[in-house]
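Take the sequences, apply the hints, and build the full model.
Here is how the chains run, residue by residue.
Number of protein chains: 2
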Amino acid sequence: MTRNLVRAFAAALAFFFAGDALAQAPASPDAMAQTEARLRDRGLSGSGAYEILESLTTEVGPRPAGSPAIARAKDWALAKLTSLGFSNVHAEPFTIWAWFKGVETAEVTAPFPQPMVITGLGGSVATPPGGIEAEIVLFPTFEALQAAPMGSLTGRIAVLTEHMGSNESATGYGAANKWRRKGASEAARRGAIGFMLRSLATNNVRQPHSGAMNYDEGVAKVPAVALSGPDADQLERMARRGKPIRVKFTLLPTYLPEATTWNVVGEIPGRAAPDEVVLVSGHLDSWGLGTGAIDDGAGDAIAMAAARLAGERKPRRTIRVVLWGAEETDQAGGAYAKAHAADASRIVIAGESDFGAQHVVYFQVPAGSADHPAIRTLAETLKPLGVALNPEPSRYGGDDVGHLVPLGVPQLAMRQEGAHYFDIHHSAEDTLDKVDPAELDKAAAAWAATIYAIAESGIDFRKAMPVK
Amino acid sequence: MTRNLVRAFAAALAFFFAGDALAQAPASPDAMAQTEARLRDRGLSGSGAYEILESLTTEVGPRPAGSPAIARAKDWALAKLTSLGFSNVHAEPFTIWAWFKGVETAEVTAPFPQPMVITGLGGSVATPPGGIEAEIVLFPTFEALQAAPMGSLTGRIAVLTEHMGSNESATGYGAANKWRRKGASEAARRGAIGFMLRSLATNNVRQPHSGAMNYDEGVAKVPAVALSGPDADQLERMARRGKPIRVKFTLLPTYLPEATTWNVVGEIPGRAAPDEVVLVSGHLDSWGLGTGAIDDGAGDAIAMAAARLAGERKPRRTIRVVLWGAEETDQAGGAYAKAHAADASRIVIAGESDFGAQHVVYFQVPAGSADHPAIRTLAETLKPLGVALNPEPSRYGGDDVGHLVPLGVPQLAMRQEGAHYFDIHHSAEDTLDKVDPAELDKAAAAWAATIYAIAESGIDFRKAMPVK
Chain D
890 MTRNLVRAFA
900 AALAFFFAGD
910 ALAQAPASPD
920 AMAQTEARLR
930 DRGLSGSGAY
940 EILESLTTEV
950 GPRPAGSPAI
960 ARAKDWALAK
970 LTSLGFSNVH
980 AEPFTIWAWF
990 KGVETAEVTA
1000 PFPQPMVITG
1010 LGGSVATPPG
1020 GIEAEIVLFP
1030 TFEALQAAPM
1040 GSLTGRIAVL
1050 TEHMGSNESA
1060 TGYGAANKWR
1070 RKGASEAARR
1080 GAIGFMLRSL
1090 ATNNVRQPHS
1100 GAMNYDEGVA
1110 KVPAVALSGP
1120 DADQLERMAR
1130 RGKPIRVKFT
1140 LLPTYLPEAT
1150 TWNVVGEIPG
1160 RAAPDEVVLV
1170 SGHLDSWGLG
1180 TGAIDDGAGD
1190 AIAMAAARLA
1200 GERKPRRTIR
1210 VVLWGAEETD
1220 QAGGAYAKAH
1230 AADASRIVIA
1240 GESDFGAQHV
1250 VYFQVPAGSA
1260 DHPAIRTLAE
1270 TLKPLGVALN
1280 PEPSRYGGDD
1290 VGHLVPLGVP
1300 QLAMRQEGAH
1310 YFDIHHSAED
1320 TLDKVDPAEL
1330 DKAAAAWAAT
1340 IYAIAESGID
1350 FRKAMPVK
Chain R
890 MTRNLVRAFA
900 AALAFFFAGD
910 ALAQAPASPD
920 AMAQTEARLR
930 DRGLSGSGAY
940 EILESLTTEV
950 GPRPAGSPAI
960 ARAKDWALAK
970 LTSLGFSNVH
980 AEPFTIWAWF
990 KGVETAEVTA
1000 PFPQPMVITG
1010 LGGSVATPPG
1020 GIEAEIVLFP
1030 TFEALQAAPM
1040 GSLTGRIAVL
1050 TEHMGSNESA
1060 TGYGAANKWR
1070 RKGASEAARR
1080 GAIGFMLRSL
1090 ATNNVRQPHS
1100 GAMNYDEGVA
1110 KVPAVALSGP
1120 DADQLERMAR
1130 RGKPIRVKFT
1140 LLPTYLPEAT
1150 TWNVVGEIPG
1160 RAAPDEVVLV
1170 SGHLDSWGLG
1180 TGAIDDGAGD
1190 AIAMAAARLA
1200 GERKPRRTIR
1210 VVLWGAEETD
1220 QAGGAYAKAH
1230 AADASRIVIA
1240 GESDFGAQHV
1250 VYFQVPAGSA
1260 DHPAIRTLAE
1270 TLKPLGVALN
1280 PEPSRYGGDD
1290 VGHLVPLGVP
1300 QLAMRQEGAH
1310 YFDIHHSAED
1320 TLDKVDPAEL
1330 DKAAAAWAAT
1340 IYAIAESGID
1350 FRKAMPVK
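Each protein sequence line maps, in turn, to chains D and R. For the first sequence, the positions run 890 to 1357 when our numbering is used. For the second sequence, the positions run 890 to 1357 when our numbering is used.
Please note that the accuracy of each hint is not assured.
What the hints assert, rightly or not - Below, simulated DSBU-like cross-link-like pairs (lysine-lysine); rule was C-alpha separation at most 30 Å, straight line: (1) D:Lys1203 / D:Lys1352; (2) R:Lys1323 / D:Lys1067; (3) R:Lys1272 / D:Lys1323; (4) R:Lys1352 / D:Lys1323; (5) D:Lys1323 / R:Lys1137; (6) D:Lys1110 / D:Lys1132; (7) D:Lys1352 / D:Lys1323; (8) R:Lys1272 / R:Lys1352; (9) R:Lys1323 / D:Lys1137.
Said to hold, decoys possible - Label-pair ranges, simulated between beta-carbon atoms: (10) R:Pro1146 / D:Pro1018: 27 to 33 Å; (11) D:Val1108 / R:Pro982: 49 to 55 Å; (12) R:Pro918 / D:Asp1322: 51 to 57 Å; (13) D:Thr994 / R:Ser976: 39 to 45 Å; (14) R:Thr994 / D:Trp986: 53 to 59 Å.
Unchecked claim - Under 7 Å between C-beta atoms, here's a sample of chain R residues computed to sit facing chain D: (15) Ser944; (16) Phe1001; (17) Asp1122; (18) Arg1160; (19) Ala1317; (20) Thr1320; (21) Asp1322; (22) Asp1325; (23) Glu1328.
None of these hints come from the bench; they were simulated from the model. Since the structure is predicted, the reported quantities are computational estimates derived from the model, not experimental observations. Virtual Cβ for every residue (Gly too), placed ideally from N, Cα, C.
Structure representation (structure tokens):
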């Protein structure tokens, strides 16, 4: 080795280490603020989320977990993440029970024969092939159903006609969810042979809204369906005539005790701290009626588009996108937590976009971190998007990432506008035409800036957490 | 007979004839104006139309002509007219071909398998029990379909995705109707084995809209269905990928070459000219998806409620309500015209309410009668309801009463507001909850004053007609 060569080598080495030291350090606060603002504006001017959503909803359509369609969705996701430049793209299979809709018919047989519009609740048992027919008993509230004496519904079909309220009301989705989850067992416990629920919806379109239900242990499993709002109204009008009403319904879903689904993953490796992971996600599965545009193709598209945009800035930490494969039946987050118990400590924070395709109205960060300078800067960046920093700590980032809480994974919550979300949610109306591309971009812009801010910063949310 | 008795008898006789002469004469213009205004205000404050509509849609529901439901609708109408105090209540049976929906399923089988939402077009032939499956060819306009070369659709399914425009536009219902009526034969003439139409609708709800279609003589009869708007959008998006698209659909309607339906009639006999008949009507039949609330339970309810209100004032002429038994397949008016060719000359005027449940925006009277003092007074009475007198002569009062034009029966046209009529028309959304009782009362109020004005007046519309 000549002296010149040695000197040249030493210079190169020095340059390399200097560059590396620079690469290791977080960007300056000013540089971060500038990059966040650029990401926000870049997202607003066309994040790419709509194109991703258009592709998923058109090329795959409805994709219930465990159905052949979810396998196509997994293949779509692998190809799309790869084409968007993600690394380490792979699918993590897991075993679930699966349920998807089949024949679903209902009619009033007496005294005013006419068809009704229903759909099965996810997880319901089937009726016999010829259906079930019985006199119905109407309950205006879930409380009234719970107050019915044991044995009072023997041989009857219980119908719960309570109206879900707006999202922020006392009978909003949080409260109404239990009517759908618990109604069948509450009815069966009192002797009912079937359960019908007024769809959990905030409008009165003639569409039934599906969603998962559960059976209580030790109670007869009876078939459970959702009526469209106008059909529930119709039964109430009939009931006011005072004559016994008989209803027949047939529900022949497919139930598989074991099926395969996948959480699909793609990463953008961190430039300096690749073992620190910022996890962002949406869910790939949907119910069978619509094409899963707002629930939750939009979340997949937001997560993918925002991660890609943030990733172009090569932040220090790794960005990991996870597209959950069985959110609707609540089997994906648990499977992931089980598979990743050993490496969950690497996940700096986990967030999930699963409330439609509208803009973000506020965000929440883990306890103790709202005052971190990087978060304060981020909050300023997001203000022009109408996004507020909600000072309440984020204890729960979504149905799937929530399963990581027991593993100590800090949660990121981005709350979207959703005044009309439950007009569409879980119904045949959940199609691409309901999505406003500008709103979707606005949501992706907020996520992109947020992902970058956290991935570039050195915030340790675990340390920031106050001792309880 | 004593002189006193003779005098008393003569006095009684004089009183009787004076009374009779008074009864024979039309009310004074002032008295008529007062009565019309009272009827208008009475209608506005609760015409009873909503209660009639609630009863029909609840107790009968969907009622396709020729189905068991139309027989129940006929029984309902006989009972309701009787209970409302109508005389000469009866049903006039006639024989029709009948068509009503059965199994209706569709799916894309390749390259992006997923279900689609369809309904059969009224009158369509069935598919084989297993359905038909073929590559589709999309046409963005009816003109493009008509321009396709003969033989170019051999073995394919033609899909027409043209959007219906608002009611007043160039592609409003008047123009779009022929796409539904003629599309199947235009496609079949070019070799197609099936025809799919983007639903004629002014919104983008995931509901298909039915309606009658016809086959051209000498052209193969191929099954014809309507896609929901979002499903038509979806096929267009798929088509932009450039790959062949295969669709399968199954349509198993009931077709009866001979079935019975009824025009149901009730009258309020005229106090002075009972042989002069003011005919007002709606149609009792509906398509099978909704409960026929706006199409046309509302028209039945408006006609019945308005006739009852006007009849309470005992006008000179007879008011006849006709509830048509097969408007949707255009078989009721012709049957009535055939049965009443001999006595159609007694019908002073005929009107039909068949454009929903909203208020009347204008009315039209036969040529030469708009300047009649009674019509001018009526126009003043209706002004506070927002109803204008359209000076264009009424040449056509509706799909059923239009069949009386060749018999020389003058037509009355009451045009209703309908900006959202085609959002709902012929779809599952046509249910009672879409009706605003106050709007329905407003329509009934306009009809009540109009019926009274014509029934009390001596206008002879036939004489008023100018020589052409």
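query = Is the gap between the beta carbons of Val1108 (chain D) and Pro982 (chain R) within 49 to 55 Å?
reply = Hint holds: Cβ distance 53 Å, inside 49 to 55 Å.
task = Using 7 Å as the Cβ threshold, decide whether Asp1122 (chain R) counts as touching chain D.
result = holds (6 Å)
ask   = Would the pair Lys1323 (chain R) and Lys1067 (chain D) pass a check requiring their Cα atoms to be no farther apart than 30 Å?
value = holds (29 Å)
query = Does Lys1323 (chain D) pair with Lys1137 (chain R) here, judged by a C-alpha cut-off of 30 Å?
reply = Holds, at roughly 26 Å.
Chain D contact restraint for Arg1160 (chain R) - C-beta distance below 7 Å = violated (37 Å)
task = For Pro918 (chain R) and Asp1322 (chain D), compare the CB-CB distance with the range 51 to 57 Å and indicate the outcome.
result = holds (56 Å)
message = Less than 7 Å between beta-carbons is the criterion; does Asp1322 (chain R) satisfy it with respect to chain D?
response = holds (5 Å)
request  = For the pair we were handed, Lys1272 (chain R) and Lys1352 (chain R), check the Cα-Cα distance against 30 Å.
outcome  = holds (27 Å)
ask   = Should the interface hint for Ser944 (chain R) be scored as holding, given a Cβ-Cβ cut-off of 7 Å against chain D?
value = Status violated, d = 9 Å.
request  = Classify the hint on Ala1317 (chain R) as holds or violated, based on whether any CB of chain D lies nearer than 7 Å to its CB.
outcome  = holds (4 Å)
key: Whether the CB-CB distance between Pro1146 (chain R) and Pro1018 (chain D) falls inside 27 to 33 Å   = Given about 32 Å between the Cβ atoms, the range holds.
inquiry  = Taking the Cβ atom of Thr994 (chain R) and the Cβ atom of Trp986 (chain D), is their distance within the range 53 to 59 Å?
reply    = With a Cβ separation near 26 Å, Thr994 (chain R) and Trp986 (chain D) fall outside 53 to 59 Å, so the hint is violated.
Figure legend: structure checked against the earlier numbered hints; hints not met, in rising order: 3, 4, 7, 14, 15, 18, 22 and 23.
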